[in-house]
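> Below are the chains, spelled out letter by letter.
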Amino acid sequence: MNRAHTVRTALLRLALVSAVCAGLALATGAAHAQAYQRQPIPPYEYPAQAVEVTELDELVAAGLRQHGVSATYPCSDEVFVRRVYLDVTGTLPEPEAVEAFLSDTTSDKRAALIDELLESDDYVDLWTLRWCDVLRVKSEFPINLWPNGVQAYHRWIHEAVRDNMPYDEFARQMLTASGSNFRVPQVNFYRAIQGTEPRSIAAAAALTFMGSRLEGWDAERQAGMEQLFSRVAYKRTDEWKEEIVHLDPAPAQAFDALLPDGTQVTIEPHQDPRAVFADWLIQPDNEWFAPAVVNRIWAWLLGRGLVHEADDMGPHNPPVYPDVLAYLSVELSDADWDLKRVMRLILNSAVYQQSALPVSTHEDVEALFACYPVRPLEAEVLQDALVQLGAQPPSYESAIPEPFTHVPESNRTIALADGSITSQFLEIFGRPTRDTGRMSERGTEPSDAQRLYLLNSTDVHNLVQRSRIFLDILLEHEGDPLGAVDAAYLTLLSRHPTQAELQAIAAQFQAREGRPQPKKALEDIAWALLNSKEFLYHH
Amino acid sequence: MWIHEPPPTLTRREALRRGLLAAAGLAIAGAAPGRAQMPAPKAKSVIQIWMWGGPCQIDTFDPKPDAGEEYTGPLNEAIPTNVDGIRMGQLMPNLATMADKLAILRSVTHGVNAHETASYIVQTGQDPEDRLVYPSVGAVVSRFKGYDGAYEGQIPPYVVLTKSQGRFSEAGFLGPNYKPFVTGGDPNRNPFTVEGIVAAGINEKRQRTRRDLLHALDTLGNLMSRNPQFEDMEDAEERAYDLILGDGAAVFDLSQETDEVRERYGRNTFGQSCLAARRLVEQGVPYVTINYGGWDTHKRHFETMNQKLPQMDQGMAALLADLSERGLLDSTIVWWGGEFGRGPKVQWEEPWNGGRSHHGACFSTVLAGGGFRGGVAVGESDATGSEVAERPIHPRDIIRAIYEQLGIDPDGHMPNPRGLDLTVMPPSEGGGRLDEIL
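Each protein sequence line maps, in turn, to chains B and Y.
Position 147 of the first sequence, counting from 1, maps to 147 under the numbering used here, and the rest follow consecutively.
Position 341 of the second sequence, counting from 1, maps to 341 under the numbering used here, and the rest follow consecutively.
Hints in this document: simulated from the structure, not taken from any laboratory.
Quick reminder that beta carbons are idealized off the backbone N, C-alpha and C, glycines included.
Be aware that one or more of the hints could be misleading.
[Unchecked claim] Here are the simulated DSSO-like cross-link-like pairs (lysine-lysine), alpha carbons at most 27 Å apart as the crow flies:
{"#": "1", "chain 1": "Y", "residue 1": "Lys-299", "chain 2": "Y", "residue 2": "Lys-163"}
{"#": "2", "chain 1": "B", "residue 1": "Lys-109", "chain 2": "B", "residue 2": "Lys-340"}
{"#": "3", "chain 1": "Y", "residue 1": "Lys-345", "chain 2": "Y", "residue 2": "Lys-163"}
{"#": "4", "chain 1": "Y", "residue 1": "Lys-308", "chain 2": "B", "residue 2": "Lys-241"}
{"#": "5", "chain 1": "Y", "residue 1": "Lys-205", "chain 2": "B", "residue 2": "Lys-241"}
{"#": "6", "chain 1": "Y", "residue 1": "Lys-299", "chain 2": "Y", "residue 2": "Lys-345"}
{"#": "7", "chain 1": "Y", "residue 1": "Lys-345", "chain 2": "Y", "residue 2": "Lys-308"}
{"#": "8", "chain 1": "Y", "residue 1": "Lys-205", "chain 2": "B", "residue 2": "Lys-520"}
{"#": "9", "chain 1": "Y", "residue 1": "Lys-205", "chain 2": "B", "residue 2": "Lys-519"}
[Said to hold, decoys possible] Where chain Y lies over chain B, by a calculated footprint (3+ residues, C-beta under 8 Å):
{"#": "10", "stretch": "116–124"}
{"#": "11", "stretch": "443–451"}
{"#": "12", "stretch": "499–508"}
[Said to hold, decoys possible] The following label-pair restraints were derived from C-beta to C-beta distances:
{"#": "13", "chain 1": "Y", "residue 1": "Arg-391", "chain 2": "B", "residue 2": "Gly-195", "range": "23 to 33 Å"}
{"#": "14", "chain 1": "B", "residue 1": "Ser-103", "chain 2": "Y", "residue 2": "Gly-419", "range": "53 to 63 Å"}
{"#": "15", "chain 1": "B", "residue 1": "Gly-195", "chain 2": "Y", "residue 2": "Gly-419", "range": "40 to 50 Å"}
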């Protein structure tokens, strides 16, 4: 780090911990890290596995020392390949890709895989989905973008993700957009809000770009923020459901406004107050803009933010590691707002590449990132994984509102544009409603309905009985049950079975009466692995 | 430490069985709902026949035979019922014999003609507002009368037959624990395959051997058995297996009913859904929605009425009669209605060629059982069924009345995850409390 960089990081850190002293939110423990209390557990960890320690890791390590908590072992290549595919592309790795990665002996193969996945089409689909959750892309109640607006907005977001549009530009284009909801996609930011009055708009802007809840601000700053959006207006056209977002006529004279950091500004009659806000927001040293998006990315990759809830930032809720958030924020603005830069720093870090099995007994071991936090696969990702394994592709359609939406079966679920598309599966598995754009809308609690579906639904029974993939495994490994089991493990869990697992399988099937029935046996094994936590969770 | 610890004990699971939802409720700040002043509840369960798309008031419960062909189309007769002064549409002869059990509300109004917003208003009683999406009636009943309340059944407390309706999130801000259980399948088929509970072709022995295999092969799960998320998942799995392997699922086995009973309800999906609903409330399930679609008749309106209304008439009448004969009608509210009614003036022109549009200005809703007074028609529409002539009824007062019968104080505190100071329902509007039927 050069000197200017260091100074800026320090300043940002100061801002992030202002008002209340951070670090006290979690109890500090012994002053030194505990020694490892157990041996590595294959196949999730191996004794010889080493991961390079980055600058980011040193900052996390310093934080862990303060809490007296040990980080766990690095994850194995088997765990890494599955994890990075699911976190970056929302897609299960094909068995061939797993084997190629496992047999690759080059030392930088993890970094190379990260680079490859960040350039994939699946990456674009998954991260578009994540932004569409935040930006509330939904045709129906209570957002009511309507299908045409959804398509325009989704396509624009998809292109921005594909082109890795600098994040300052991404935000500024939305905040300053005017025009038709069908023709200027960015204006849908102003339409994807429950309510059109300045307060609702101000709250949406604060949540989206500052990771902050307007209702927690003091009254003066709330009023100031509302004023910045007080001239946004909407009008209908002759085209059905078209709406123009515009500024109502300029006031006769300049007026004073208050920016969220307390700065007084005078807005001239010719000025768009939204642009005044946007230009203030996207400054490299703005204490909200970069940390908010860095924290979201951290949460998307590691299951929870450095600030948790990830979009409830502010002095009342300090980050677990302010230095890490400050470091990544400055890296982002220094890299001309290249979001992939932040993703690479996180994905290549030892903290990301830890095992999910903790060594520390600390209650907050996941919140402290002393292990990789497990969390369920997202509804859309799980649906795609089942289809990849041979389940009947869902047919998505919506007959209300018009124009009717029909999604071709070849479309992946992570590429669905419209959060309103009716799907019992996605409802059960926690798809966010996109009503508010809050990260917590995505359900992560396991439910009885989820278990019923996976244990006993027609879809899952049909999958294990009829999938072309398992039938091929049977054909290819006729008379070679070990080979068939191995192929099933690679396909479902992205790894080979352990000796203990092979013994457990042998014990189960030797106890069965009658002559062996390989097809039924493989059905049962596939069903069991599909229902295992290793399959259902990011780990 | 999460690793190498024994799995949670049965006792803990049992405790969780009833406590999980309550635990979720612990995070929900606020006082217990103010029920002190509430009289003892009359109703225990609700069967909601959700006529989504918007059924026509004129062809059903508010006939206008004198309005002329322009309004009635070919369905220009009204038939007398077993209550003097109440007439119904000509395609509902069975319901006409049950009018003494019905409270027919003929002046319901909210003025909204968009499906999504109207669905929200009719099923939550709330006007769409800024930052909150309110829960539907089913989710609210599930919150007060389900596992947080006295309900202990295995079948989830809020069941939807057979398809989810979509449009808006039924659980609203209450969150995923209060979403309905959607059965899937078709009760008019044998067996009625209830998604996740009743699977064709997997016998109990195979279910059990698979379960053993799953436990043996859940390597990561076994290593991390004390991870809080994995513990929750294990608890959910226990409850799921209680349903799959236990006898609770028998409630969906309609073949336990005699052919005579099944015929009485009508051998079609709606009729058999009514029968399934009766079996569910008999088991104490507090809220059942029958999502009955196909009423958004912009085109071919009269063909659709001729085909669908006889099925509706038979199924709903059988449900009311059967509930009544079993002594269940007094404790079961049957709520019939959609998000709005239909345009009273028939659209004969292209491209509709005999259709009816959306109509939120004035439409009908029916309540029966659960302590409501029957044999009454409340409110009046004008001569053509277009506008409210007398006693406007806002959907929120229908919901307030349902809550009153269930012993849920409509003015009590509405628990919510954000700890906001919310009431269960906004105050009465229009003509106010439905004193006529309470």
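> If a hint holds in the structure, say so; if it does not, say that too.
Consistency of the hints with the structure:
no.: 1; hint: Y:Lys-299 with Y:Lys-163; in the structure: holds, 24 Å
no.: 2; hint: B:Lys-109 with B:Lys-340; in the structure: holds, 18 Å
no.: 3; hint: Y:Lys-345 with Y:Lys-163; in the structure: violated, 31 Å
no.: 4; hint: Y:Lys-308 with B:Lys-241; in the structure: violated, 32 Å
no.: 5; hint: Y:Lys-205 with B:Lys-241; in the structure: violated, 56 Å
no.: 6; hint: Y:Lys-299 with Y:Lys-345; in the structure: holds, 13 Å
no.: 7; hint: Y:Lys-345 with Y:Lys-308; in the structure: holds, 20 Å
no.: 8; hint: Y:Lys-205 with B:Lys-520; in the structure: holds, 13 Å
no.: 9; hint: Y:Lys-205 with B:Lys-519; in the structure: holds, 17 Å
no.: 10; hint: 116–124; in the structure: violated (count 0)
no.: 11; hint: 443–451; in the structure: holds (count 9)
no.: 12; hint: 499–508; in the structure: holds (count 6)
no.: 13; hint: Y:Arg-391 with B:Gly-195: 23 to 33 Å; in the structure: holds, 32 Å
no.: 14; hint: B:Ser-103 with Y:Gly-419: 53 to 63 Å; in the structure: holds, 54 Å
no.: 15; hint: B:Gly-195 with Y:Gly-419: 40 to 50 Å; in the structure: violated, 21 Å
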